[in-house]
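The chain contents come next:
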Amino acid sequence: MSRGKNDIVEDDGASDRRARALKLRALAALASVHDPEIPVLTIADLGVLRDVRIEGEKVEAVITPTYSGCPAMNMIAIEADLALEKAGFSERKITTVLSPAWTTDWMSDEGRAKLLRHGIAPPPHSSSRAGLFGKEALLCPRCGSAEVERISEFGSTACKALWRCKACREPFDHFKCI
Amino acid sequence: MHEDPLFLYTLRLADTALINGHRLSEWCGHAPVLEEELALANLALDLIGEARALYAYAGEVEGKGRDEDALAYLRDVASYRNILMVERPNGDFGQTIMRQFLLSAFMHPFWEAMSGSRDSTLSAVAAKAVKETAYHLRHCGEWTMRLGDGTPESHRRMEEALEEEWPYTGELFETDRVEHDLIASGVAVDPASLRDRFDTTLERVLAEATLARPPAGWMQTGGRQGRHSEHLGHVLAELQYLQRAYPGATW
Chain P
1 MSRGKNDIVE DDGASDRRAR ALKLRALAAL ASVHDPEIPV LTIADLGVLR DVRIEGEKVE
61 AVITPTYSGC PAMNMIAIEA DLALEKAGFS ERKITTVLSP AWTTDWMSDE GRAKLLRHGI
121 APPPHSSSRA GLFGKEALLC PRCGSAEVER ISEFGSTACK ALWRCKACRE PFDHFKCI
Chain V
1 MHEDPLFLYT LRLADTALIN GHRLSEWCGH APVLEEELAL ANLALDLIGE ARALYAYAGE
61 VEGKGRDEDA LAYLRDVASY RNILMVERPN GDFGQTIMRQ FLLSAFMHPF WEAMSGSRDS
121 TLSAVAAKAV KETAYHLRHC GEWTMRLGDG TPESHRRMEE ALEEEWPYTG ELFETDRVEH
181 DLIASGVAVD PASLRDRFDT TLERVLAEAT LARPPAGWMQ TGGRQGRHSE HLGHVLAELQ
241 YLQRAYPGAT W
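Top line first, the protein sequences correspond to chains P and V. Be aware that the first sequence starts at 1, since it is given in this note's numbering, and climbs by one per residue. Be aware that the second sequence starts at 1, since it is given in this note's numbering, and climbs by one per residue.
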């Protein structure tokens with residue numbers, strides 16, 4: 001018996017819904033993947049997770065490194081793969097792309113709030129981006145004072161700088177703006 | 001040797017980034033203060049990250065099945081195409097800073113221009129590298145000012161470092177036959193177009209650092225053609241040791 005036009009439309013509709021459901025499931029699974037170096041952030045908060053593609057039953061997660069030499073990328077790829085496997089995907093692919101280059105502008109507002117609660121000064125939005133030898137305006141994540149100074153341009157990870165609050169005397173990390 | 005110009009061009013960039021990153025990583029455990037230890041390690045990490053992306057692409061362009069590890073670990077001195085400046089021993093902290101400042105003053109506008117390359121992989125690597133190099137330049141520029149305009153001892157050392165590193169800046173601006181077509185087709189960057197930016201940065205930072213720019217003069221050359229100083233062999237002996245002793249080792 002030949003398939004009628006309506007069957008195909010029906011099928012297409014079903015596969016669209018199926019693809020949407022799979023994509024939501026993949027996204028939920030990937031939302032559990034955290035940056036191993038800043039565990040308060042998920043890869044979605046960071047903007048490291050760029051895309052999720054569903055093709056049939058296959059899933060592809062596209063990720064991008066924050067810094068070229070970010071040593072967390074291998075770990076993130078392994079954990080993303082594992083999360084998708086746990087979510088029931090048997091055919092998985094994790095793709096790393098360099099372009100467009102990651103920017104702190106992609107960090108979600110929720111991600112910024114999490115950083116602040118964690119004692120890390122979040123990156124300023126690009127509108128306030130400092131010039132090459134310019135000054136950056138930051139607030140202390142602990143006491144909120146603007147009396148802060150940079151100790152070092154580089155910190156405990158490639159994406160952070162080391163600052164100090166002159167009001168409460170506490171040192172703190174600042175997620176660098178790039 | 002007939003090598004694909006794009007392969008050789010990418011390899012030169014990759015080798016320069018790797019050897020520069022390796023030299024900086026030698027500061028681990030030796031830097032004068034903890035913050036600078038972290039800073040130099042971070043710079044090294046950026047450079048090795050750039051090198052990995054470039055090697056992976058060079059291997060793809062070459063099409064002989066060599067991956068980033070094969071290119072980094074299984075070539076000997078004469079096959080390396082890095083500029084000579086990056087293989088020089090670190091010297092003291094000031095000398096390392098001076099070298100990295102001079103290099104970054106070139107690399108920052110270089111990556112900026114390269115991000116407009118017609119080669120989509122090179123432009124993607126460049127678009128990331130330019131942001132990282134901006135931090136390298138700022139960090140090393142600030143230290144150059146601080147040490148140059150510091151104590152008589154730090155000033156003297158920075159003056160000597162500048163004099164010693166200066167003859168190695170010539171190679172930054174070299175081009176050869178391999179690159180002419182790539183430049184003409186918008187894949188490669190003509191370094192001559194970066195001269196003004198380089199000079200402006202130097203003028204500004206060296207003035208703050210109370211250091212005088214050395215006069216133009218004889219420049220070292222050869223690294224990009226595979227003619228290296230005796231130092232590169234020592235770098236590779238350490239860098240490649242594991243793969244040479246235990247071929248194919250992974251973990």
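Do not rely on the hints blindly, as some may be mistaken.
Footprint (simulated), chain P over chain V, 3 or more residues, beta carbon under 8 Å [claimed, not checked]:
#1 30-39
#2 120-130
#3 134-143
Quick caveat, the hints were computed from the structure, so don't treat them as lab data. All C-beta atoms, glycine included, are put in the ideal place defined by N, C-alpha and C.
Against chain P, does the region 134-143 of chain V show at least 3 residues with beta-carbon separation below 8 Å? This one holds; 7 residues, not fewer than the three required, reach chain P with a Cβ under 8 Å.
Examine the region 120-130 of chain V for residues whose CB is less than 8 Å from any CB of chain P, and state whether their number is three or more. holds (count 8)
Okay, the region 30-39 of chain V and chain P, do three or more residues pass the C-beta test at under 8 Å? Per the Cβ count (4), the hint holds.
Figure legend: structure checked against the earlier numbered hints; every hint is met.
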